[in-house]
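Asker: Sequence:
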Amino acid sequence: MNSSPSLTRNAIFNLLGSVLPLVVSLVTVPLYLDHVGTARYGVLAIVWMLQGYFGYFDLGLAAATSNRVAQLADHAERESLIWTALALNAGFGALGGVALFAVGDLLLAQFHISPGIYTEVMAALPWLAGAVPLATISGVLYGALIGREQFAALNAVQVPAGMLFQIVPLATAIVAGPKLQLLIPSAILSSAASVVLLAVVVCRVTPLRFAHGPQRRFVKPLFSYGAWVTVTNLLSPLLSTADRLLISGTIGAQAVAYYQVPFNLAMRARILPGVITRTLFPRLSALESKSAKELSIAAVRGLAAATTPMIVIGIFLMRPFLTLWTGDEFAAKASVVGETIMLGVWINSLAFLPANHLQAMGRPDVIARLHLVELVPFVALLWWALHSFGLVGAAIAWSARCAFDGILLFGAAGFGKKVMLHLAAPALLILATYGAAGLLTSPSWLRMAAWLFFTALALAWAGRAEPQARVRLVRFITLVFRQTRRWATGQ
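Under the numbering used here, the sequence shown has 333 at position 293, and the numbering climbs by one with no breaks.
One should not assume that every hint holds.
Claimed, not checked - Restraint-style ranges between C-beta atoms, simulated for each label pair:
| # | residue 1 | residue 2 | range |
| --- | --- | --- | --- |
| 1 | Arg403 | Ala163 | 38 to 46 Å |
| 2 | Leu62 | Gly367 | 19 to 27 Å |
| 3 | Asp368 | Gly456 | 41 to 49 Å |
| 4 | Arg49 | His115 | 35 to 43 Å |
| 5 | Phe493 | Ser264 | 46 to 54 Å |
| 6 | Trp423 | Leu62 | 27 to 35 Å |
| 7 | Ala139 | Ala233 | 35 to 43 Å |
| 8 | Thr159 | Ala338 | 53 to 61 Å |
| 9 | Leu60 | Ser264 | 32 to 40 Å |
| 10 | His115 | Trp167 | 36 to 44 Å |
| 11 | Ala338 | Gln150 | 40 to 48 Å |
Treat the hints as calculated values from the structure; they're not laboratory data. Each residue gets a CB set at the ideal place from its N, CA and C atoms; glycine is no exception.
Sequences are here, hints too, so could you generate the full structure?
Answerer: Given below as structure tokens:
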């Protein structure tokens, strides 16, 4: 069996695994706003961000597990490596949980949270602490499946897990009320059930038995890779979420909702690059450098052809979609934020590939060093833009940082000037689209004409840049349809 069909099937599994939770979130977010309220929803977003930071106590071992498992051919070696990573991450997760429990009240006190809601969150703090080892253990288990390219099994667990994490707290709010001391434990209990199911699947599919336990000789290679991934894991979410943290500290937690909802919506455009990088990572890890670079550059060209029309359409649809989804009042405050975030999403999506390439080649240190360089200038720009232009200023700063980060990553991966020049035309097209959408805010025939015009330009560029894109897209859609039908019929 050749590699291309395998990569295609893996991409289909990952695409389905990304789209299905998105469909659920489109339904649940308005319901959360109705049953929980804007203030509690904003605080809940902050809580999950803080809990996510402490999940990085895995010290990069989840990514290291994926990389090393993909490189190891001997089953006994792979099994020992996985057990070693699990033992380490269980310990680090416990330490992370203790740390969160110890400093959680101090961290939450930095945000403008009403006393009543603050009391609700503090009542759920032990549950948040218990969620940290769940996250570190599940990271290694998912990493083992990724390294073995077992994406069907991975998504068979991850999809229902993601859905339950959204649905269970919402159901709790509807049945028992919106108190966060009820919603947070219900979400974490659903996560615990998902980790148990994941462990069973890994033991059967990988397979993972007890014959070959942890070995000290795997500790050093895991840490040598994972240490730099840890730096990236700590800095990357800080770079990605500093805007919401500063918004909460400057304007208030309620303002976070007007930023978070369009931000999350814009982030959905990163589903495709996430699918591609997750699919390619184990394959790139197993390839030699030249072949891996050729595969990554080809993926950049294909991804640019796919995402450019998506971003153009997304910018024009942001305002009408938010109006239908959340109402006129909410959309009036959130639409420009979402349109601005879409600019950064485009270059950030493409930057997934050079970052993925560097990690697969065993150079996570390069990404970490770049993020260290970006941190202070970005926070300074963000602070100034937020105080000068409000929520839109924060979105502009976030997108500017994404552009700078993307340029640095393409250069560090050695993809060359030719790739950057290839991306110049779609970058200008997306900027022009943003300007047109900003000028034509009211529903009109002129806005519709502009949308059709820029969409046609984006599609024309994509067809010219990737002549085989249309054929590949038709094949991919056909395979997705067939695979979905097989899942639906239990074949």
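Asker: Could you check the structure against the hints above and give me the numbers of any it violates, in ascending order?
Answerer: Per hint list: 4, 7 violated.
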